[in-house]
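J.: Residues per chain are reported as follows:
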Amino acid sequence: DAMVIQNPRYQVTQFGKPVTLSCSQTLNHNVMYWYQQKSSQAPKLLFHYYDKDFNNEADTPDNFQSRRPNTSFCFLDIRSPGLGDAAMYLCATSRDGGNNEQFFGPGTRLTVL
Amino acid sequence: AQSVTQPDIHITVSEGASLELRCNYSYGATPYLFWYVQSPGQGLQLLLKYFSGDTLVQGIKGFEAEFKRSQSSFNLRKPSVHWSDAAEYFCAVGLYGGATNKLIFGTGTLLAVQP
Numbered sequence: 001d002a003m004v005i006q007n008p009r010y011q012v013t014q015f016g017k018p019v020t021l022s023c024s025q026t027l028n029h030n031v032m033y034w035y036q037q038k039s040s041q042a043p044k045l046l047f048h049y050y051d052k053d054f055n056n057e058a059d060t061p062d063n064f065q066s067r068r069p070n071t072s073f074c075f076l077d078i079r080s081p082g083l084g085d086a087a088m089y090l091c092a093t094s095r096d097g098g099n100n101e102q103f104f105g106p107g108t109r110l111t112v113l
Numbered sequence: 001a002q003s004v005t006q007p008d009i010h011i012t013v014s015e016g017a018s019l020e021l022r023c024n025y026s027y028g029a030t031p032y033l034f035w036y037v038q039s040p041g042q043g044l045q046l047l048l049k050y051f052s053g054d055t056l057v058q059g060i061k062g063f064e065a066e067f068k069r070s071q072s073s074f075n076l077r078k079p080s081v082h083w084s085d086a087a088e089y090f091c092a093v094g095l096y097g098g099a100t101n102k103l104i105f106g107t108g109t110l111l112a113v114q115p
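Protein sequences, first through last, are from chains A and B.
Mapping of the first sequence onto this note's numbering: position 20 corresponds to residue 20, and the numbering continues sequentially without gaps.
Mapping of the second sequence onto this note's numbering: position 12 corresponds to residue 12, and the numbering continues sequentially without gaps.
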């Protein structure tokens, strides 16, 4: 089945130690998104790629970066994780942009020690 | 600014009872509206969406929602709840245009189902 896959499902890192989260998709969608969802809060968009065009949200901290080497893969890099970055990170994809449905992966839960 | 409000943080219903989850939005133009469901430790699954046309939309798992422009609401309903419906439900408004391509989510309503 076509799907959005996130690895790992659970990630533990140390304060200040760089970490990379991975997302892949078999849907061949050209838009990929990264959301941050803290405990008991709504998902919040960090950035998205429309094909190779990177679109950063104005309030996304510089500590968060992203790479999209090809259509199928997108990575979230946290350069120096702080305790406040502990959250569920959700990857989503959509066909084109606009009002097309976003398909979500299962998420990666990040713990910062 | 665009926003979505879900006034009920937590709701408990009995299995077989009807359900209505409230959602109010603030948006200057005709909104694109969505309801997503999230089971514990999982990603979000789309239940239904409204873009235009018939204001009563049908979704998966027996859910429906009604768009009421005069009340800026998009409430989710189900006539008979099943135990498997216990989850968190998020209402969202879609913002599109230029480089903007995002969903603004409400804070969610956690649904518990009693036997």
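Accuracy of the hints is not assured; some may be wrong.
[Said to hold, decoys possible] Chain B side only, calculated, beta carbon under 7 angstroms to chain A, not exhaustive:
no.: 1; residue: Q42
no.: 2; residue: L46
no.: 3; residue: T107
Derived from the structure by calculation, the hints contain no laboratory data.
Note that the Cβ used here is the ideal one computed from N, Cα and C, for glycine as well.
J.: Confirm or reject each hint.
T.: Verification of the supplied hints:
1. Q42: At about 5 angstroms, which falls below the 7 angstroms cut-off, the nearest Cβ of chain A leaves the hint on Q42/B intact, so it holds.
2. L46: 5 angstroms, holds
3. T107: Since the shortest Cβ distance to chain A is 5 angstroms, the answer is holds.
No hint from the list above goes unmet by this structure.
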